[in-house]
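Asker: Each chain, letter by letter, is given below.
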Amino acid sequence: MIRRAMTDIVLVGPAALAVVLFIFLPVAVVFILAFTDYQVGASRADWIGFENFAALFGSRLGRNALINTLVYAAIVIPASVGFGLLVALGLHGLTPRMPRLSAVLRTIYFLPVAATLVAMAVSWQMLLHPSLGLMNSWISALGLSPQQWLSDRGLVLYTLAAIGVWQSIGYNMVLFLAGLAAIPATLYDAAAVDGAENGWTRFWTVTWPMLGPTTLFVLIVTAANAFRVFETVATMTQGGPAFASDTIVYSLYREGFVYFKAGYASAITVVFFLALLLLTALQVALIERRVHYR
Amino acid sequence: MTLELALDSVSKRFGDTLAVDAVSLALRAGEFVALLGASGCGKSTTLRLMAGLEAPSTGRVLLNGRDVTGDSAAARNIALMFQSYALYPHLSVYQNIAVPLRLRRLSAVGRLPGAGLVNSGVRLKLAEIDTQVRRVADILRLGLFLSRKPGQLSGGQQQRVALARALVREPSAFLLDEPLSNLDTQLRADTRDEIKALHRRTGYPFLLVTHDQSDALSMADRVAVMIDGRIVQQDTPEAIFRAPETREVAEFIGHHRMNVLPRGPAEVLHPAGSLLDLGVRPEDLCLAPDGPLEAIVVSRSFQGEETILRLRDRVGNDLRAVLRGAAPLPADGETVRLAATPGALHGFDAAGRRQEVGS
Numbered sequence: 258m259i260r261r262a263m264t265d266i267v268l269v270g271p272a273a274l275a276v277v278l279f280i281f282l283p284v285a286v287v288f289i290l291a292f293t294d295y296q297v298g299a300s301r302a303d304w305i306g307f308e309n310f311a312a313l314f315g316s317r318l319g320r321n322a323l324i325n326t327l328v329y330a331a332i333v334i335p336a337s338v339g340f341g342l343l344v345a346l347g348l349h350g351l352t353p354r355m356p357r358l359s360a361v362l363r364t365i366y367f368l369p370v371a372a373t374l375v376a377m378a379v380s381w382q383m384l385l386h387p388s389l390g391l392m393n394s395w396i397s398a399l400g401l402s403p404q405q406w407l408s409d410r411g412l413v414l415y416t417l418a419a420i421g422v423w424q425s426i427g428y429n430m431v432l433f434l435a436g437l438a439a440i441p442a443t444l445y446d447a448a449a450v451d452g453a454e455n456g457w458t459r460f461w462t463v464t465w466p467m468l469g470p471t472t473l474f475v476l477i478v479t480a481a482n483a484f485r486v487f488e489t490v491a492t493m494t495q496g497g498p499a500f501a502s503d504t505i506v507y508s509l510y511r512e513g514f515v516y517f518k519a520g521y522a523s524a525i526t527v528v529f530f531l532a533l534l535l536l537t538a539l540q541v542a543l544i545e546r547r548v549h550y551r
Numbered sequence: 004m005t006l007e008l009a010l011d012s013v014s015k016r017f018g019d020t021l022a023v024d025a026v027s028l029a030l031r032a033g034e035f036v037a038l039l040g041a042s043g044c045g046k047s048t049t050l051r052l053m054a055g056l057e058a059p060s061t062g063r064v065l066l067n068g069r070d071v072t073g074d075s076a077a078a079r080n081i082a083l084m085f086q087s088y089a090l091y092p093h094l095s096v097y098q099n100i101a102v103p104l105r106l107r108r109l110s111a112v113g114r115l116p117g118a119g120l121v122n123s124g125v126r127l128k129l130a131e132i133d134t135q136v137r138r139v140a141d142i143l144r145l146g147l148f149l150s151r152k153p154g155q156l157s158g159g160q161q162q163r164v165a166l167a168r169a170l171v172r173e174p175s176a177f178l179l180d181e182p183l184s185n186l187d188t189q190l191r192a193d194t195r196d197e198i199k200a201l202h203r204r205t206g207y208p209f210l211l212v213t214h215d216q217s218d219a220l221s222m223a224d225r226v227a228v229m230i231d232g233r234i235v236q237q238d239t240p241e242a243i244f245r246a247p248e249t250r251e252v253a254e255f256i257g258h259h260r261m262n263v264l265p266r267g268p269a270e271v272l273h274p275a276g277s278l279l280d281l282g283v284r285p286e287d288l289c290l291a292p293d294g295p296l297e298a299i300v301v302s303r304s305f306q307g308e309e310t311i312l313r314l315r316d317r318v319g320n321d322l323r324a325v326l327r328g329a330a331p332l333p334a335d336g337e338t339v340r341l342a343a344t345p346g347a348l349h350g351f352d353a354a355g356r357r358q359e360v361g362s
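Sequences listed follow chains C and E, in order.
Read the first sequence against our numbering and you will find it ends at 551, with the numbers running on by one and no gaps.
Read the second sequence against our numbering and you will find it ends at 362, with the numbers running on by one and no gaps.
Simulated from the structure, these hints should not be mistaken for laboratory data.
All values derive from a computational prediction rather than experimental measurement.
All C-beta atoms, glycine included, are put in the ideal place defined by N, C-alpha and C.
Take the hints with a grain of salt, since some may be wrong.
Said to hold, decoys possible - One side of the interface only, derived from the structure: several residues of chain E facing chain C at Cβ under 10 angstroms:
#1 S12
#2 S14
#3 R51
#4 I81
#5 A89
#6 Y91
#7 L104
#8 R168
#9 P268
#10 V271
To be verified - Chain C side only, calculated, beta carbon under 10 angstroms to chain E, not exhaustive:
#11 L401
#12 Q405
#13 T443
#14 Y445
#15 A448
#16 A481
Can you build the whole structure from these sequences, using the hints too?
Answerer: Structure representation (structure tokens):
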């Protein structure tokens, strides 16, 4: 009995210790720091209550980062889930007829997921260059006026959102493809016999409900990634021009690691963490009831 | 007699394999037909061709004399019960049963949730659907489970839901794909009775696809035996068992595989054995002190009400005999003599066709 218990502790212990040491403890420290005015390197910190939070929600800059992130997520989540599903449906239908082409397209769509984002960001920067970039030469060829993709204050956030969509379609596509492959073919036969005459009706009778669990997972993952947007901002715009592409995680990086305001950065982290937690819990509670069938 | 649903020399080819080979099979009003064959013989494909889930490579499908070869499964209005039941896991039992009616009677807009609250036409149709769903649910004793999901039901209950979903819309024919193969022995017997009762009650033409000959023989008015994509014999269960048309059918039908003695050595049983292979069912072979056939007992298998003897005759043919009753059993290695009445002999010519054996 005691031997069993000891074995269990020995097996679980190291991993549990690491989790406590490297995850729970830092999180706790961040929660405490959020209520102080601690700066990196300072010898002391004062308890200032909710002042950091007031600064985040009260300042123009803090609200700007929050709103930018929400706008970015509001574009990226539906677009990358929707296009991911469309691409998956197309490739799933293509596979029996043209397996080679389907496999090639799959790889192409998945490349952005596999590639290093920072390297990709550099290529995007070249593509989007105002005078030398391919994007503007194509646009001019179509007779439209060239755009300052990354330095126009009204445009930069949408450019980043488009890149965010491009980057996550492949991942969502793979998840949806797996979900589609798991749908039993007899359900489509049953729907055909039951009177689902066209693909549209079959989609709503079988495909969409059977993809429920996959869609829930894809939504949660995509949402978490969209709210966490950082690399593209850091490498391509540094939040500019004039904070037009400043997002929560980028501002947290700037406050914490450029201005060394650890207390304020911790407050941002806490808000971000709680928001994500709430969002995920909400999604799970809302959708789980409707997608788990057993 | 009105023809209901018929395949007219239909073939189906998948790549290089001919899955269904010029099959003609008619399903008439009020009839219960069983399509019997070993797994992989093409019987499920035949059923899918009838239902409209596969398009024939050649041949026609006729519904009440009309050519429906090009029609979709939905347009043919044929009900199909799947071996896996194929219930929609996200819908309740009630919703599962209602699906065929909702898809047929309501437009895509009418199927939206809440459409019944807005549109009185939709409300009226929903009320009709409700009546029909509850009626068929009552027939199949599903009243208590209407709000459950299929995942919360036992196999037998799921099967009744599948039956209800197939029957709710008054189909032109009812096809059942291996309906009993997922059930345990007791439930099988009950479900057999239930399906037969449903057939009597509804009067729809039923087609049962099965690999189990006792299901086919006990339930159907007519059995079609399928071997390698061809229907080799169609007849009443009695005729299939008593007078198999070919050697293949003879060896396929029957709990114990028929003994077939090759022509020549078969002569000891009957003079016709000089020209014909002679088949005799193990049940028809009995121990007789002055029997014409001499054989050595190789092994015995006691199975309760019967004992199966494996024997070898003098020229090396393997034989089986089924002994019933309390007669003393011969020991292994003992030489016994066997006899069969001329009426129990089935003669087959070199092509495997049945030839009558005179008495």
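Asker: Does the CB of L401 (chain C) sit less than 10 angstroms away from some CB of chain E?
Answerer: violated, 38 angstroms
Asker: Using the nearest Cβ pair, does Q405 (chain C) come within less than 10 angstroms of chain E?
Answerer: violated, 44 angstroms
Asker: Tell me if S14 (chain E) is really an interface residue toward chain C, meaning its C-beta lies closer than 10 angstroms to one of theirs.
Answerer: violated, 21 angstroms
Asker: Against chain C, run the beta carbon of Y91 (chain E) and see if the smallest gap drops under 10 angstroms.
Answerer: With a closest approach of 7 angstroms, the Y91 (chain E) hint holds.
Asker: Is the shortest C-beta separation between S12 (chain E) and chain C less than 10 angstroms?
Answerer: Given a least distance of 24 angstroms, the restraint on S12 (chain E) is violated.
Asker: Does L104 (chain E) hold up as a contact with chain C if the rule is Cβ-Cβ below 10 angstroms?
Answerer: Holds, about 8 angstroms.
Asker: May I ask you to test the interface hint for P268 (chain E) with respect to chain C, counting a Cβ-Cβ separation under 10 angstroms as satisfied?
Answerer: violated, 50 angstroms
Asker: Hey, does the R168 (chain E) contact hint survive, CB to chain C under 10 angstroms?
Answerer: holds, 7 angstroms
Asker: For the hint on T443 (chain C), does the least C-beta distance to chain E fall short of 10 angstroms?
Answerer: Holds, because the Cβ-Cβ distance from T443 (chain C) to chain E comes to roughly 4 angstroms (cut-off 10 angstroms).
Asker: For the hint on A481 (chain C), does the least C-beta distance to chain E fall short of 10 angstroms?
Answerer: This interface hint is violated because 25 angstroms lies over the 10 angstroms limit.
Asker: So, as I understand it, the hint says A448 (chain C) touches chain E; can you test that by seeing if any CB pair is closer than 10 angstroms?
Answerer: With a minimum Cβ separation of about 8 angstroms from chain E (threshold 10 angstroms), the hint on A448 (chain C) holds.
Asker: Can Y445 (chain C) be said to touch chain E, with a Cβ gap under 10 angstroms?
Answerer: holds, 9 angstroms
Checked against the numbered hints listed earlier, the structure breaks hints 1, 2, 9, 10, 11, 12, 16; every other hint is satisfied.
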